[in-house]
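Participant: Could you build all of it, start to finish, from the sequences and the hints given here?
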Amino acid sequence: MRMPDPDQKAIARRHELIDRLRRIVPGEGVIVDHDALAAYDCDALSAYRQRPLAAVLPETVAQVADILRLCRDLGIKVVPRGGGTSLSGGSLPVADGIILAMGRFNKIVSVDLDNRSARVQPGVTNLAISKAVEASGFYYAPDPSSQIACSIGGNVSENAGGVHCLKYGMTSNNVLGLEIVTIDGEVLRLGGDGMDQTGLDMLGLLVGAEGLLAVVTEVTVRLLPKPETQRAALIGFPSNRSAADAVAAIIAAGIIPAAMEMMDRPAIQFTEDFVHAGYPLTVEALLIVELDGPAVEVDDLLARIEKIAEECGSETLTVSRTEAERLTFWAGRKAAFPAVGRVARDYMTMDGTIPRAQLPDVLDHIAELSDHYGLRVANVFHAGDGNLHPLIMFDASLPGQLEAAEKFGADILRKCVAVGGVLTGEHGVGIEKRDLMGEQFSEIDLAQQRRLKDVFDPQGLFNPGKVFPLLHRCIEGGHQMVSAGANYAFADLPRF
Amino acid sequence: MTIIEADSEESVADIIKQGNTLEIAGSGSKLGLGRPVTASNRLSLRGLSGITLYEPAELVLSAKAATPLAEIEAILAERHQALAFEPPDLSRLLGTTANHQTIGGIVATNLSGPRRCVAGGVRDHVLGLRAVNGRGEIFRAGGRVVKNVTGYDLCKLLTGSYGTMAVFTEITLKVLPAPETEESLVLAGLDEKAAVGVMCQAMGSSAGISGAAWVPHQGMPPLTVLRLEGFGPSVEARRQRLLTRLALHAPADLWTEDKSRSFWRDVRDVIPLAGQPDRAVWKISLTPPQAPDLLGKLAALPGSQAFLDWGGALLWLSLPCGADAQAHAVRALLPIGAHAMLMVAPAAIRTEQPVFQPQPPAQMAIENRVRQSFDPDQRLNPGRMTQ
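Protein sequences appear in the order of chains Z and L. With this note's numbering, the residue at position 252 of the first sequence is 252, and numbering never jumps. Take the position in the second sequence, starting the count at 1, then add 496; the result is the number in this note's numbering.
Worth double-checking, as some hints may not be accurate.
Stated by the list, open to error - Pairs of lysine to aspartate or glutamate residues, derived as EDC-like cross-links and limited to a Cα-Cα distance of at most 20 Å, are as follows:
1) Z:Lys167 to L:Glu676
2) L:Lys513 to Z:Glu325
3) Z:Lys226 to Z:Glu325
What the hints assert, rightly or not - Label pairs and their calculated CB-CB ranges:
4) L:Pro854 to Z:Ile11: 42 to 50 Å
5) L:Lys689 to Z:Ala303: 39 to 47 Å
6) L:Thr534 to Z:Ala12: 49 to 57 Å
7) L:Leu750 to Z:Asp184: 36 to 44 Å
8) Z:Asp73 to L:Ala690: 49 to 57 Å
9) Z:Asp361 to L:Thr847: 33 to 41 Å
10) L:Gly799 to Z:Ala253: 47 to 55 Å
11) Z:Ala418 to L:Lys793: 56 to 64 Å
12) Z:Glu310 to L:His596: 43 to 51 Å
13) Z:Ala303 to L:Pro816: 55 to 63 Å
14) L:Arg588 to Z:Glu310: 28 to 36 Å
15) Z:Ala303 to L:Ala796: 35 to 43 Å
It should be emphasised that the hints constitute simulated quantities derived from the structure, not laboratory data. Ideal Cβ positions, reconstructed from N, Cα and C, are used throughout, including at glycine.
Facilitator: Here it is as structure tokens:
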């Protein structure tokens with residue numbers, strides 16, 4: 001994975017930069033020691049690493065504004081970082097830039113239960129928001145698997161999802177307002193505490209902008225009342241196809257479960273070995289379907305779902321009887337990635353979304369690719385919204401395996417786009433899918449997006465090397481670029 | 497003004513490339529919303545009509561921009577599905593032809609009905625767009641799947657942009673199962689403070705309220721109405737839960753499906769304030785806790801009428817129009833963070849007074865640059881949102 005060539009002039013100014021950063025953030029807020037900086041080398045896409053020039057940990061919005069103005073004046077690149085749990089390399093450092101670590105922005109500013117909202121600083125973890133309002137009967141709905149560690153600022157920047165987005169939407173559907181700081185040090189408020197905005201929906205643009213436009217310094221989230229009951233069903237099927245049919249049939253019957261997850265045989269096996277969640281080991285595919293709401297509704301819908309599942313050929317069905325059992329069902333699913341990590345030295349997670357009806361064919365295609373590349377794959381995914389997570393297993397210490405895994409992953413994503421889907425459903429483009437953007441978007445589409453980048457950050461200092469295919473030369477976005485289209489003749493040549 | 501008819505996406509692009517300023521119209525039902533546009537031609541999209549994709553099991557529908565909303569709602573109803581954001585028909589309020597609007601108009605103005613308070617607005621249901629920018633370039637944003645974080649979320653940015661950045665040619669929407677049934681719990685005689693208290697309690701309960709409004713009627717006690725939608729047994733269980741939560745043994749009234757539906761349609765379409773001559777109508781967004789105090793202050797303005805939707809997060813206000821739609825008086829009363837949009841007033845007033853809530857200069861500057869990045873020569877609906 002190639003990153004833009006470092007700006008040697010920026011590197012040469014490191015001492016001046018550090019000196020001036022220390023005048024903005026006193027004490028231990030500027031990290032420059034080579035070993036201490038190792039903590040910032042990578043995020044959860046740990047195959048790619050880079051030591052930054054420095055890491056700075058501001059505590060106030062004024063400090064953030066001063067840091068950004070300084071970086072703008074010196075031409076220093078800025079990679080914002082929250083919990084560092086990005087799966088797409090969203091907070092991978094650059095050699096000629098700093099890490100702006102927002103971990104000290106860790107306070108819940110205010111909670112307004114009458115407005116069902118909370119103002120929180122970006123370094124607060126996703127789960128901490130729900131914990132803070134739990135006693136009042138509320139929670140924050142988006143729940144990425146990393147919710148214990150991932151920060152709400154990172155969730156906003158990546159428009160994070162989770163297993164419950166099927167019913168409750170993504171981060172962008174659950175955020176009411178943001179405070180951001182631009183590269184010029186301007187502090188802006190987008191959206192607010194109400195439901196409608198005035199003017200353009202800049203809030204919608206900033207959520208999911210992957211740290212390329214501004215730094216988030218405060219988030220107003222929507223809180224939801226906790227449902228009265230939650231129950232989950234584990235339903236085993238003799239094939240991926242029959243499980244996928246059941247997913248489509250449940251939705252077609254007018255039922256939107258709170259979550260509807262699917263695991264294939266390898267994924268079931270690995271997680272059961274690891275977590276002992278009670279998953280059936282005789283089936284080819286497993287659905288976890290969760291219902292929430294009044295008990296009478298949950299019972300009614302579970303009965304309907306059981307009938308649909310039987311019609312689709314289900315072989316086993318277990319419904320959670322206690323809260324502990326429900327959580328055990330989820331413990332397996334939520335530990336699926338580390339479970340694969342136990343049996344494979346390395347693995348790579350893909351994140352394409354496809355129309356649900358394409359699930360069986362795309363899974364067949366992934367199996368064929370697995371044979372072709374000689375790499376095992378386990379599938380764990382958000383079936384209800386067609387968001388796939390194939391886990392490609394490989395051993396980076398063996399020559400050629402990382403490259404084969406990368407190609408395997410790219411082939412899967414191309415297939416996703418070809419059947420009407422997209423490259424990424426919730427993990428973000430980051431560096432990982434950057435060079436595939438031309439599969440999904442035309443040059444005009446990408447130029448339009450690049451012009452937005454220029455509006456906010458004309459020098460290209462925020463999170464460089466992410467989201468967009470790298471430009472061939474140092475040219476202004478949108479005026480001239482190398483096609484990353486599907487017809488590009490030398491797709492494998494490095495472009496820089 | 498010359499009217500130019502486009503019959504395809506390519507013809508939209510060709511017309512824009514000619515370089516004239518254009519007022520964009522589907523059925524024209526919302527030409528009176530926003531600031532009046534000064535343009536040399538009107539671009540009519542009436543020829544871009546028709547549903548291009550509907551897959552009920554995928555919960556997705558695509559339609560060309562000027563497809564009548566009624567056509568979309570009818571095909572969805574056949575499969576017991578609906579647009580969850582409950583698009584309003586503001587024709588009575590705006591004095592235009594009823595049941596005439598297009599899906600493009602709804603998306604361009606981001607108009608959502610009562611269910612917005614729990615189901616999200618138009619912006620939350622646009623999955624993909626095809627559009628032509630002010631350069632005459634055809635581009636796409638988003639896709640047709642519900643989960644998509646690939647690139648910037650241009651769908652949200654363009655929703656509610658009043659045709660000032662791009663002309664939509666095709667829109668892909670997330671659709672959802674229509675509620676099997678509905679009913680409404682009605683409490684009569686609560687003042688605004690008590691009503692907002694009840695609505696906040698209800699919205700914050702697990703009863704799953706899908707509409708909460710406070711509507712005063714002249715000469716009658718005001719009504720606080722809470723809607724429950726869903727599967728029959730579920731609605732009944734949640735009604736009990738709500739009654740317990742509100743510590744009520746019996747509601748003042750319980751409206752069953754038909755009456756409930758007709759009430760919420762009226763709230764959605766702003767019927768309580770429609771059809772009165774010489775009045776200005778404002779749409780004010782705020783938080784429910786701010787609503788009682790603002791209502792109290794607004795009541796001091798002679799001839800004002802108001803009601804609350806979205807559990808108190810939306811205040812509709814009508815008052816005698818006067819020389820400036822009382823813009824200064826209304827905006828001076830707004831609490832922090834609230835904003836007011838002028839929805840109904842003569843064109844001359846909508847030209848002089850900011851229709852949209854004025855924003856801090858730094859914010860306006862960046863918004864203008866965002867708009868210019870799509871439409872550098874301000875060809876599309878020039879002046880519709882800002883001067």
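Participant: Give a verdict on every hint.
Facilitator: So, going through the hints one by one against the coordinates:
no.	hint	in the structure
1	Z:Lys167 to L:Glu676	holds, 17 Å
2	L:Lys513 to Z:Glu325	violated, 62 Å
3	Z:Lys226 to Z:Glu325	holds, 18 Å
4	L:Pro854 to Z:Ile11: 42 to 50 Å	holds, 45 Å
5	L:Lys689 to Z:Ala303: 39 to 47 Å	holds, 44 Å
6	L:Thr534 to Z:Ala12: 49 to 57 Å	holds, 53 Å
7	L:Leu750 to Z:Asp184: 36 to 44 Å	violated, 57 Å
8	Z:Asp73 to L:Ala690: 49 to 57 Å	holds, 56 Å
9	Z:Asp361 to L:Thr847: 33 to 41 Å	violated, 56 Å
10	L:Gly799 to Z:Ala253: 47 to 55 Å	holds, 51 Å
11	Z:Ala418 to L:Lys793: 56 to 64 Å	holds, 58 Å
12	Z:Glu310 to L:His596: 43 to 51 Å	holds, 47 Å
13	Z:Ala303 to L:Pro816: 55 to 63 Å	holds, 57 Å
14	L:Arg588 to Z:Glu310: 28 to 36 Å	violated, 50 Å
15	Z:Ala303 to L:Ala796: 35 to 43 Å	violated, 56 Å
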